[in-house]
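A.B. asks: Protein chains in written order, with the numbering used here: chain A, 1 to 293; chain B, 1 to 406; chain C, 1 to 650.
Check each hint, because a few of them may be wrong.
Pairs of lysine-lysine residues, derived as BS3-like cross-links and limited to a Cα-Cα distance of at most 25 Å, are as follows [as the list claims (entries may be wrong)]: (1) Lys225/B with Lys254/B; (2) Lys611/C with Lys92/A; (3) Lys150/C with Lys122/B; (4) Lys35/A with Lys168/A; (5) Lys121/B with Lys150/C; (6) Lys303/B with Lys225/B.
Derived contacts from chain A toward chain C, CB cut-off under 7 Å, selection only [said to hold, decoys possible]: (7) Ile101; (8) Phe106; (9) Val232; (10) Thr267; (11) Pro268; (12) Leu270; (13) Leu273; (14) Ile274; (15) Ala276; (16) Leu277; (17) Leu279.
It is worth saying that the hints were derived from the structure and are not from the lab. Even glycine gets a Cβ: it sits at the ideal position worked out from N, Cα and C.
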Amino acid sequence: MQWMIIGQMAVSGAAMGFVYALVAYGFQMTYATSKSINFGQGELVMVSAFISLSASDMGLPYGLVVPVGLLSGAALGLFVERVAVRFALAQKGEGWILMTIIVGLFAVSAAENIWGKDERPFPTPISRESLDLGGGISVTPVELSVAFGVVLVMVLVEIFRRRTLLGKAVDAVSADRDAAELMGISATSAIAISYALSGAVAALAGILVAPITSVGPTMAATLILKAFSVAVVAGLQSGSGVAVVGISLGVLESLASFYLGSGWRETPGLVLLILALALRPNGIFGTATIRKV
Amino acid sequence: MNKVTTLLLAGALVGGISFEAQAADTFKLAITGPFSGGSAPMGGSMRDGAKLAVAQINEQGGFEVGGHKMRVDIIERDDEAKNERGALIAQELASLEGLSAVIGSVNTGVVLAGDKFLQEKKVVKIITPAAGSASMTQWVNPPMQDLYMFRFAAADGIQSAMVVEEAGRLKFTKVAVLHDATNYGVSGRDDLTRRIQAGGKITIVATEKFNIGDKDMSAQLLRAKGAGAEAVLIWGIGPELAAVANDMAKIGFKVPLIGGWTLSMSNFIDNAGKNGDGAMMPQTFIEESVTKVSTAFIESYHKAYGVSRIPSPVSAAQGYDAVLLLASAVKQAGSTDPTKIRDALEDLREPVAGVIATWNKPYSKWDVAHPETHEAFRRENVIMGMVSNGHVVFANPDDRAHLAKH
Amino acid sequence: MSKRLVTEAGAFALMAMMPLFFGGNAYGMGLLTLVTIYAIALIGLDVTVGYLGQVNLGQAAFMALGAYAAGLATMSLGWSMAPALLAAVLVGLIAGAFLALPALRLEGPQFALATLSFASLVVILLNELESVTNGAQGLSLVRPLLFGVKLGPTGFYWTCLGLLALLWLGMRNLLSSHWGRSFEALRDSPIATDAVGLSVYGRKVAAFALGSSLGALAGGLYAFDFQYLQPDGFRYDQMVILLLGVVLGGRKSLWGAFLGAGLIVLLPNLLSSRPVFETIAAVGLLVSLVAAWQRRGDPGGLPFQAVAPVVATGLMVLGGFFVQSLEDWRKAVFALILFAVVVGLPEGVMGYVGRTLARLFRVRRQPLPEPADLNDVLPIEADRGAVRLAVRGLSCRFGGLIALAELDLEVQTGEIHGLIGPNGSGKSTAINVISGLYPAAAGVVVLDGKVLPGGSLTRAARAGIARTFQNLQLFLELTALENVMVALRHVYRLPLPLIMAGFGRREEAAARAEALALLTLVGLGGYAGVKAADLPYGTQRFLEIARALACRPRLLILDEPAAGLSSPDIKALVGIMGRIHERRIPVILIEHHMDIVARLCDRVTVLDGGKVIASGTPEEIQNHPEVIRAYLGTIAGDRASAAVTEAQPC
């Protein structure tokens with residue numbers, strides 16, 4: 001009984017953990033090139049999910065809804081970069097934090113007026129019937145699709161970075177912006193591309209998670225804080241380290257909720273998070289940099 | 001140039017504020033509630049229901065006041081379900097020249113933070129659909145003698161009694177109580193616990209909490225399941241209720257879900273899908289054409305707002321009826337003076353045919369010892385509803401027949 | 001009375017008279033009171049956001065802690081207002097220090113996350129500890145008496161305003177003191193702050209705790225204002241709105257905090273009124289069009305900064321025609337206004353207003369004092385020829401690379417000791433290890449007969465080692481005078497509370513006089529009021545020397561002070577070195593210009609490949625076969641030949 005519950009909790013927690021990891025992965029992409037992240041990423045998840053929902057309402061098949069959602073996510077990412085980030089980065093401050101928050105505020109209000117304030121279900125061809133994994137532990141295909149999507153995206157992005165010229169250019173800017181610019185790579189374009197990619201990843205997170213969470217203007221409000229924690233604790237430049245941290249956080253929350261009581265669900269995660277930061281400021285999977293004079 | 005624009009801005013701001021306070025020969029009615037954020041489906045439906053009633057009344061020329069008609073002017077304020085904003089709105093409304101009445105509020109916290117300013121300035125308020133017990137009991141201790149606050153919603157006390165009663169009727173002996181971590185959920189938990197302990201036949205085997213925005217409820221449900229609960233009694237709002245229903249199906253925990261009226265919210269029904277079937281909740285209004293009045297109301301709501309279903313039928317109907325009650329009170333008072341309107345509400349002589357019921361003396365003179373004097377809903381105004389195939393239907397067919405007769 | 005004080009007194013008097021206009025209007029009073037409360041919270045938040053340059057999301061949590069502390073003290077313990085507020089402040093101080101200890105080791109996103117997590121924890125605790133806080137059901141409270149007086153809306157407003165005025169004075173004293181300066185120094189160059197021996201960490205913790213206690217005080221007032229508390233009111237939204245307030249108003253400015261408070265309190269509430277919205281939209285569009293018009297000639301087309309506010313305000317005006325229910329779009333309108341302001345005025349409203357006012361009124365600089373007597377500032381060393389620094393067997397390696405192998409070195413008082421060698425010979429590594437920047441793999445550094453603890457710039461600096469940097473590490477946003485004042489550790493002794501109470505002026509005057517004496521020593525007396533960033537390059541190098549001297553060094557390390565200098569500047573440098581030599585301060589000089597080395601140095605040590613290959617007087621070195629081989633061996637680099645040719649004339 002006990003093991004079955006732990007197993008079930010781990011499975012349920014891991015499903016949410018994959019989503020944290022996916023959004024966190026989007027944070028890393030833009031941080032690598034520009035040392036900035038989109039604090040309105042949650043709103044990006046939400047708006048892309050709504051656009052996909054509208055596409056689906058218009059009768060598009062799921063096979064087309066996904067690319068439409070991804071494209072709109074990429075376009076939104078570009079929009080955020082152009083409107084909120086580029087100017088702030090030119091000013092050499094942390095202006096991007098506020099600018100992206102403000103764009104997010106606007107997006108929530110706009111979404112409430114365009115799509116309504118209600119949470120709505122997201123149609124998906126993937127079944128929600130739970131499958132028995134044996135030993136009384138069950139999982140739904142929708143949850144499995146999240147895990148599958150996350151892994152797929154990480155592999156695809158890795159291939160993009162290693163195998164394509166564009167990807168290498170983005171990587172070069174991440175490694176050393178000045179040197180890359182001397183080699184004739186436009187850092188501005190690389191940052192824009194990273195925001196577009198990050199937007200597409202956020203959109204995918206929205207599409208994958210929407211069948212579980214439903215689509216509403218506030219659907220990603222809590223998700224985004226978790227994803228931010230995962231990205232920073234794993235290390236903002238840690239690559240796939242986010243998957244490990246994301247899943248661990250999801251499982252930890254589930255177990256804490258079960259053993260400590262549901263009100264304390266987030267507490268162990270938060271305490272560990274502060275400890276992890278204090279002990280490894282650059283993230284569990286990050287590396288320290290040497291001070292130069 | 002820059003100094004000039006700064007001055008302009010400042011002047012315009014001050015001008016704008018004072019401009020708002022202009023008086024005209026209209027009846028000023030404020031509608032407040034969360035029109036954005038997570039509670040917006042309730043706030044929005046309440047507002048739209050109330051505005052529908054006002055539009056219909058204005059078509060006839062407005063409220064009847066002392067023999068002539070006064071157009072009703074609506075002031076909308078979105079409290080965002082935030083206490084701070086709610087308190088400031090209440091202060092704003094309290095200092096508005098010529099405001100006679102306020103309708104609204106969804107969140108008990110907002111009521112507790114704001115209503116004291118309205119009461120202080122003697123502005124009549126009809127609280128709907130906020131159901132938390134504290135909204136009215138706050139005036140009992142310390143006692144307020146001369147109350148301007150009325151409630152037009154089935155108080156949690158009534159609802160929890162019905163939920164417990166239903167659980168007893170279905171012969172459950174072990175139940176789990178689930179609730180959200182908001183004021184609404186926690187006070188619902190306390191009401192439920194009190195009723196169950198008073199009844200003595202049922203034991204609570206698990207009390208679990210969830211946060212707004214939580215999507216994974218398996219931990220709470222596994223604990224409830226492990227404790228052998230035969231039913232889940234629940235107090236929360238739509239999206240989280242749906243998550244609970246879905247996770248119950250996922251972990252194969254097939255027991256009835258009984259809870260507050262919020263189980264009728266469209267965002268529960270839609271997002272839970274067939275997992276939500278069978279959920280039962282006390283209802284003041286069911287979106288089903290039973291009487292002529294309710295049919296007309298449902299049709300005109302759908303038409304006015306271009307929807308095929310009301311997001312929160314209970315809130316909409318209560319908002320609508322609240323305006324009708326107010327209209328009747330104003331007519332009887334023959335004045336826009338809040339004190340006279342209050343006196344009229346406490347002693348409504350003519351029955352008001354609303355969409356929920358025909359209201360016959362819903363309120364009486366405020367008595368600190370009996371806060372139900374300012375509560376419109378009695379046990380008999382509330383029926384049990386049940387989710388079936390994406391709609392709320394009468395859980396008990398007798399109720400439908402009973403209502404149709406009136 | 002200074003002009004500034006008159007303005008401030010006038011503004012507060014005006015604020016104090018507000019109830020005469022709004023007295024009967026609960027809404028007006030409510031908004032005003034809330035503005036003063038938020039202003040207190042924002043002044044506290046500005047310490048971290050403005051002065052420490054970190055994104056702090058924790059202030060909402062301190063407000064929550066303060067609010068509950070004050071509320072519970074009143075309701076459970078029956079305390080009156082003054083002790084209840086004091087309790088709130090104490091809770092804020094303690095919790096602030098508790099969070100600051102781990103969090104202030106972090107920066108950037110990590111710091112933001114640490115504060116965010118703390119804030120989330122606080123809300124969970126308040127929610128879960130139902131027996132104490134009444135959890136989500138909220139805590140209703142009654143405003144307690146203040147010294148036996150029952151406060152109405154006006155009285156309470158005056159209380160808040162009075163507290164704000166007191167804190168305003170205290171914070172101004174603090175932030176214009178050595179404390180405020182050291183935070184700015186830290187933001188500009190953490191390495192240099194360490195190198196002048198400021199243990200800024202302790203100060204940061206103190207400052208953070210102080211800022212947090214202001215948040216808690218604001219929270220206490222907030223509790224007594226609304227008289228009903230719920231943990232939910234202090235969630236993420238509140239954290240963001242506070243941060244917005246500081247940045248919108250303008251960082252590092254008390255006025256900015258005040259204006260920011262006004263914006264975040266008034267704007268969302270007033271936007272409910274259509275006339276207010278319409279005037280803001282119309283005037284906003286007008287202003288941004290004028291601003292864009294003024295920049296029409298900019299090369300490369302109109303900049304984003306000019307276009308974006310026009311688009312944002314234009315959207316508002318356009319939307320005004322189409323939107324039926326303004327209340328539904330209120331948050332979007334709020335976002336558009338914020339967007340236009342943040343883009344149009346990146347330094348915040350106050351940053352802009354401050355610049356405009358400075359242009360209009362030409363703020364007069366504080367007159368400079370008489371420089372102090374140099375003999376008091378930098379006494380001539382008494383003992384000549386004693387061994388000041390002894391380095392024994394010092395080694396350092398990076399991975400497999402041995403950068404320094406068993407270095408032995410002695411420096412005496414009154415001596416300028418040259419350290420030369422080809423590029424990559426280990427000179428910089430040597431001084432980086434001696435000054436504590438890098439830890440040593442083996443060996444000891446002995447200063448004044450005491451072994452230095454390795455690996456800490458600050459501790460080495462405190463022991464008496466002062467240094468300059470090859471790549472300049474100035475506090476660019478501070479003036480030349482302030483750059484030197486930061487390093488005058490020995491002058492500043494007063495504790496924090498006394499500084500806040502305004503007793504720091506004497507120390508400040510003494511420091512200015514000393515700093516001016518040192519600036520004069522390096523020939524920068526005329527540049528005292530110029531921002532370091534605006535100084536010519538050569539002068540910046542001299543400023544670093546003056547700053548190092550301000551530490552009253554037992555040993556001065558100069559890392560290529562002549563690098564990139566023009567020949568008149570080199571002459572000036574030689575003069576400065578001569579004056580330092582007169583005061584018998586022992587110096588280690590790394591230099592490539594052999595003529596300078598030959599002219600100034602008493603002894604020279606030559607390094608190659610991390611090892612000492614020669615040491616002696618400049619003459620001995622110039623003819624040392626190993627040295628010539630070391631330099632000529634790398635003849636491919638023209639630097640080597642240049643070094644040798646340069647070495648000829650002297």
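A.B. asks: State for each hint whether it applies.
C.D. replies: Do the hints match the structure? See the list:
1. Lys225/B with Lys254/B: Between Lys225/B and Lys254/B the Cα gap is close to 9 Å, so the pair holds against 25 Å.
2. Lys611/C with Lys92/A: 42 Å, violated
3. Lys150/C with Lys122/B: OK: Lys150/C and Lys122/B at ~22 Å, within 25 Å.
4. Lys35/A with Lys168/A: 18 Å, holds
5. Lys121/B with Lys150/C: 19 Å, holds
6. Lys303/B with Lys225/B: 44 Å, violated
7. Ile101: Check passed: Cβ of Ile101/A comes within 6 Å of chain C, closer than 7 Å.
8. Phe106: Since chain C brings a Cβ to about 4 Å from Phe106/A, closer than 7 Å, the hint holds.
9. Val232: 5 Å, holds
10. Thr267: At about 6 Å, which falls below the 7 Å cut-off, the nearest Cβ of chain C leaves the hint on Thr267/A intact, so it holds.
11. Pro268: 11 Å, violated
12. Leu270: It holds, given that the least Cβ distance between Leu270/A and chain C is near 5 Å, below 7 Å.
13. Leu273: At 5 Å from the nearest chain C Cβ, Leu273/A passes the 7 Å test, so the hint holds.
14. Ile274: 5 Å, holds
15. Ala276: 10 Å, violated
16. Leu277: 5 Å, holds
17. Leu279: 9 Å, violated
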